[in-house]
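*Asks:* Sequence:
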Amino acid sequence: RTIVSSTSVFVFCATDFWSWINLSFINRSSNKFLHHIEMPNLLLAFDFDHTIIDDNSDTVVRDLLKEKPTRSHSSSGWTSYMQEIFTMLAAQGTTEHQIRKAVVDLQEVNGFSNLMEYLQNINAEVIIISDSNEYFIHHWLVGKGFVDKVKKVFSNPAKFVKGELKIEKYHVQDWCQNSTENLCKGYILENYINDRKCEGIVFDQVLYVGDGQNDYCPSTKLRETDVTFPRVGYALQKKLEQLLAVGEKTGILATICPWTTHDDILNFIRVKE
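Using the UniProt record's numbering, you'd call the opening residue of the sequence shown number 1 and step up by one each time.
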């Protein structure tokens, strides 16, 4: 059965959710996605943790502490909490090399390398929008050989100062209730698309790939011709499933295509070649 509202399109071949996941991908018969797929004006925007890498870079680095912290979060936000963690790591003598190695050793979600190679071949543009930090993402990209394949990274600024990793909030916002105070991904995505338009680059298609609650906002900024990819089993997919289960609108105009590995995304792009 097909459920269509003014704000979302989901296709179900059965009432069972997993049947939906296993179906031939949404809009496969439509030409609206594939019409421009080989043109250079295709933008892919990725989250980082649990999207590019198959882990959470913050919690992996936190695990370098010899003693577990008494708190698992901070009332002043996750970024402030991670600064406390970085201060504790410096105090116990954890070096920059040890932290960088822990991050660089993190494994990609299956299929990411193949997807990136294909995107480079079709001249697609790739950006990352993440609530991790610039230091982690940059060094992971360098270590894995992807740094030249990503146009731009938007994340919390971070650098080592006298042996301690110092992190700052990307910005402080109060206009989006679907985002954390320090990072509204939808705002960043919209601004990037507009900035590129001013530079003469207009994207025919935008694909957003994420997993978490804070990936909902950028998904709502997409057009009907765009696609959002929520990772199966993670917060964004669960949120959308729950909204549909009670008959609520998702607030998303774009096609919604659940994914498990990046091979799913690659297959979606290549489906009619």
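The set of hints was computed from the structure by calculation and includes no laboratory data. Here the structure is a predicted model, which means the values were calculated and not measured. Be aware that a few hints might be false.
Stated by the list, open to error - In silico lysine-lysine, BS3-like type, Cα no more than 30 Å apart, as pairs: (1) K101 / K66; (2) K152 / K197; (3) K166 / K152; (4) K197 / K166; (5) K197 / K162; (6) K197 / K238; (7) K166 / K151; (8) K144 / K66; (9) K101 / K159; (10) K166 / K66; (11) K66 / K197; (12) K101 / K68; (13) K152 / K68; (14) K151 / K169.
*Asks:* Look at each hint and say if it fits the structure.
*Replies:* Status of each hint after checking the structure:
1. A hinted pair counts as satisfied when its Cα atoms are at most 30 Å apart, and K101 with K66 qualifies at roughly 17 Å.
2. With a C-alpha separation of about 15 Å, the suggested pair K152 and K197 falls inside the 30 Å cut-off, and the hint holds.
3. Proximity of K166 to K152 is assessed by CA-CA distance (about 21 Å); at most 30 Å being required, the pair is judged to hold.
4. Distance restraint check for K197 and K166: the Cα-Cα separation of roughly 34 Å exceeds the 30 Å cut-off, and the hinted pair is therefore not satisfied.
5. With a C-alpha separation of about 41 Å, the suggested pair K197 and K162 falls outside the 30 Å cut-off, and the hint is violated.
6. Between K197 and K238 the CA atoms are separated by roughly 33 Å; this puts the pair beyond 30 Å, and the hint is violated.
7. Pair hint K166 plus K151 holds up; C-alpha atoms about 24 Å apart against a cutoff of 30 Å.
8. Between K144 and K66, the direct Cα distance comes to roughly 28 Å. Compliance with the 30 Å bound is thereby established for this hinted pair.
9. Between K101 and K159 the alpha-carbon distance is near 15 Å, which keeps this suggested pair within the 30 Å criterion.
10. Restraint check for K166 and K66: satisfied, since their Cα atoms lie roughly 20 Å apart, inside the 30 Å limit.
11. Simply put, K66 and K197 have alpha-carbon atoms about 49 Å apart, too far for the 30 Å limit, and the pair is violated.
12. Note on K101 and K68: the hinted pairing holds, with a Cα-Cα distance of about 20 Å set against a maximum of 30 Å.
13. For the proposed pair K152 and K68, the alpha carbon gap of about 34 Å is over 30 Å, so the pair is violated.
14. Under the criterion of a C-alpha separation no larger than 30 Å, the hint pairing K151 with K169 is consistent with the structure, at around 21 Å.
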